[in-house]
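**Q** Modelling step: build the complete structure from the supplied sequences, incorporating the hints.
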Amino acid sequence: MKLYPTRSSLRKSRLFIPEKMGSLVGVRQPKHFVLSISTFLLLLLFPSAIFSQSKFEFGLSLGPTLGFPLYVDDGTAPDGVVDAIKDAETWAPGGSVTLLVKMHLSEKLGVRTGFGLVATGHGTKESDVNFPTPEPDAPESVKFIYRKNYLELPLQVDFKLGKGDAPDFFYLSGGASLWVNISNKTVQVATFADGKKERTSSDDTTSDFRKSNILLQLGFGYEQELSKRMRLAIEPQAKMTLLTLWEEHVPLNRKLLTVGLSFSVFFK
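First residue of the sequence shown? That's 1 in my numbering, and the numbers climb one at a time after it.
Hint data in this document are derived by calculation from the structure and do not stem from the laboratory.
Each hint should be verified, as a subset may be incorrect.
Stated by the list, open to error - Below, computed lysine-lysine pairings styled on BS3-like, alpha-carbon distance capped at 27 Å:
(1) Lys-228 x Lys-55
(2) Lys-108 x Lys-228
(3) Lys-143 x Lys-228
(4) Lys-228 x Lys-86
(5) Lys-211 x Lys-86
(6) Lys-143 x Lys-211
(7) Lys-185 x Lys-55
(8) Lys-268 x Lys-228
Just so you know, these numbers come straight off a predicted model, no measurement behind them.
**A** And the structure:
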């Protein structure tokens with residue numbers, strides 16, 4: 001009887017899911033329900049749009065991101081376990097796409113809101129898989145990506161730097177977003193002796209992930225006029241969840257920090 005995974009068994013099961021290492025289930029906390037401030041803002045903006053269409057721009061934003069785990073330790077987990085988890089985990093790639101509406105409050109101040117889709121998460125470093133008896137069909141190493149997909153409702157304030165009437169300018173941005181969890185997946189990447197990689201993905205239904213989360217956002221960007229009716233903005237930005245990823249109380253929980261580069265096109 002084989003005690004190690006093969007190519008076929010990798011398609012059916014996961015070797016090891018370190019995201020839950022050291023995360024012993026404790027007392028469940030009440031679920032948090034968050035009101036969408038973006039929806040409230042849109043209700044306020046629509047009446048103004050009737051009287052001042054020129055103050056509004058509509059756009060599309062997309063870009064790559066990197067997700068980093070931030071640890072919340074309640075002090076009950078052994079130090080060795082906590083250190084092992086932190087050493088095993090790392091960043092993971094992601095991305096986002098958002099439909100936006102922007103309102104100019106003044107020459108230097110603007111407000112953005114909208115809705116979008118976000119794929120983010122974190123992962124583990126690639127680790128060797130050791131077996132008592134060598135087997136050609138077994139992987140040499142594995143790593144995991146913990147993918148989390150969200151609906152995003154952002155609210156962002158932009159402050160223009162320099163002259164208020166300049167067509168091209170730098171700007172500072174800050175605000176908050178609401179994330180609503182859509183799905184959670186675990187992606188396993190196995191590397192074999194012949195250099196080939198095999199990816200298997202499965203829904204993660206074993207964890208009590210938080211259904212919604214609030215994020216703070218900071219950014220610094222550059223906006224350029226492409227034509228009288230079209231503008232381009234490029235913005236490095238960072239976002240951090242205020243609440244932990246798991247709703248349940250565990251000795252070692254996580255928040256999420258995402259950094260990325262956003263490319264936006266706005267139309268008047």
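**Q** All the hints need checking, so say for each whether the structure fits it.
**A** Now the hints, each set against the structure:
no. : hint              : in the structure
1   : Lys-228 x Lys-55  : 14 Å, holds
2   : Lys-108 x Lys-228 : 18 Å, holds
3   : Lys-143 x Lys-228 : 49 Å, violated
4   : Lys-228 x Lys-86  : 50 Å, violated
5   : Lys-211 x Lys-86  : 24 Å, holds
6   : Lys-143 x Lys-211 : 26 Å, holds
7   : Lys-185 x Lys-55  : 41 Å, violated
8   : Lys-268 x Lys-228 : 8 Å, holds
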